[in-house]
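Based on the sequences and whatever the hints tell you, model everything.
Chains as they are written, first to last, in the numbering used here: chain A, 1 to 188; chain B, 1 to 384.
Simulated coverage check for chain A against chain B, where a stretch passes if three residues somewhere in it have a Cβ under 8 Å from a Cβ of chain B:
#	stretch
1	16 to 26
2	121 to 131
3	168 to 181
Because the hints were derived from the structure by calculation, they are not lab data.
C-beta atoms are modelled at their ideal positions from N, C-alpha and C, and glycine is treated no differently.
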Amino acid sequence: MRPALFFLHDDARILDLIRRGDEEALVTLYHANKRAVSAYVSRNSGTQDDAEDMLQEALVTLWERVRSGRFTYSAQLSTFIFATVKNMWLRRLAHHRKETPMDIDEDASANGDPSPLDSLIESERTMLVRDALEKLGEPCRQLLLLFYWEERSMNEIARVMGFANADTVKSKKYQCKKALEKLIYQYR
Amino acid sequence: MNKTDNIHWTDDPELLEQFALNRTEASARAGLELHLRSCEQCRNAVEAERTLAAGVRMLGRDQLKTRLKHRLEEPAKHIPWPRIMSAAAVIAVIVVVGVYNHWFESQELQQMSADDNLAIRQEEQPVVTQELDRTEGDDVRFKRKLEAGKEAPSAELTPESSPQSLKNRRTGEVRAGVEEIAKSSTEKSEAASRASGDKEAVVLRGAAEPQRDAYREREFAASPALRADASEGIWVEGTLLAESGDYFMEDQPKETGKRDQNELGRAKDESVFNKKALVSKSHIAGGQAPQVSQRPQSSLPATKQKQQKLSSANTVTTLFERTKDGVNMTIFSDIPLHQSDLDNATVEQVTEDSLIVQLAQQKIGYRIPAGWMTQKGAKVETKE
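Shown next, in the form of structure tokens:
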């Protein structure tokens, strides 16, 4: 029989893998939580595809938080994943029913209540930036992802990308943002 | 100058990024937000920065999800290795056991095949005496070893090639088998001594022969299909020939082992048998035609049954025995034959060492040792 605290070892190992950027950790978590998530989503009017989509979203959220240093280990990773799936699924159900779920997490209720039109416009703008980023060159795209998505410091980015120092990164980031703005204007 | 006092603090790109990404300290953040209420340009700048951050995050999430999906679709990386290793271990054990059994059985059959090689030599009497003396010496040495230690017999003491001995060795009953064989070996030695007065040569092959012969005699005695004087018989594998009469055998047919149709189809011009030989209805040169009888394959000795199973379908195991009245042929076959077929069987000697037997519509070709059919006074040692 497995020791009661054995999960701590597993979770620590997986968190370490995520911090080192090893995406195999997500695969491990996917297989470990697939059955529970599928059962929950199926019980709540969802399909198998919905369950897989929710689980992948939750794993990406965990990845983001760990990589950006915003993750605090307060419960088992499986608990965090299941809670994230539950919140996201209730939010999606509420969106379809035009109802407000009872327990939306902090991300969902951030910045007040924008109107549907504002949400749509904001969504389109975000998509525009996303598409423009895909057209950007690889170094700029990686630099912006490290800065905005993984929220790395300038020194970390310099080390990861092989720049001389943080000032070089700042200079490169400024150039990349200007290039992105040009692309966005072209898309408009 | 304090940055929060700057009327357009969003002109500072670093401060704008920190504010948009919620990285500013709470005390500084309050002042910046106060300024945003009255500055639309700054609000737009912050909004643009947040949109940029949201777009980058969206791209990052999408790319990560895509990579994750690809990883999940790769079956090779999610193989349950413990299960595979367990299955591989089981398969490895099965293969090892299978290979061992196959090797063991092939060794057994190889030895039996070697035993089937008939040795007929008409030697001078002194040679026979010398051979028998050696046999007796082996037996005495063998018994002496048994009596000396009553210890587990070594490989030297046991007839390794005999199936019975192999079985004993597997079941741990080696001692009983060896003692029984030793007893039979003594009897065999005495019989050989008596036979030496008949001016018939006995060729013995090494020290293990007495024990092996003892085993053979015991097996013969246990088989109702075999004669009491089977020591003058030979086992020959015949080949069913084509009924059309266009039959033949290769120049050097194997006495034992498989022989398929393709083999028979080769070397047509060099064949020993030919159609004319049958038509001529010649008899055994200088001797009497053998009496033909039939027995079912189930009455074959166990070792011969094994060989028969491994042989091709057109192989007929036959026992040639020399008696006082002549030569008897016992065909071990399940081919349905009437007594009249056997009585009317035609046996024709085609060459010195080749026979064709015609039973009803079926013809069987045999290769026997040259001169054996007509030989008188030569004692033949059988290997079964």
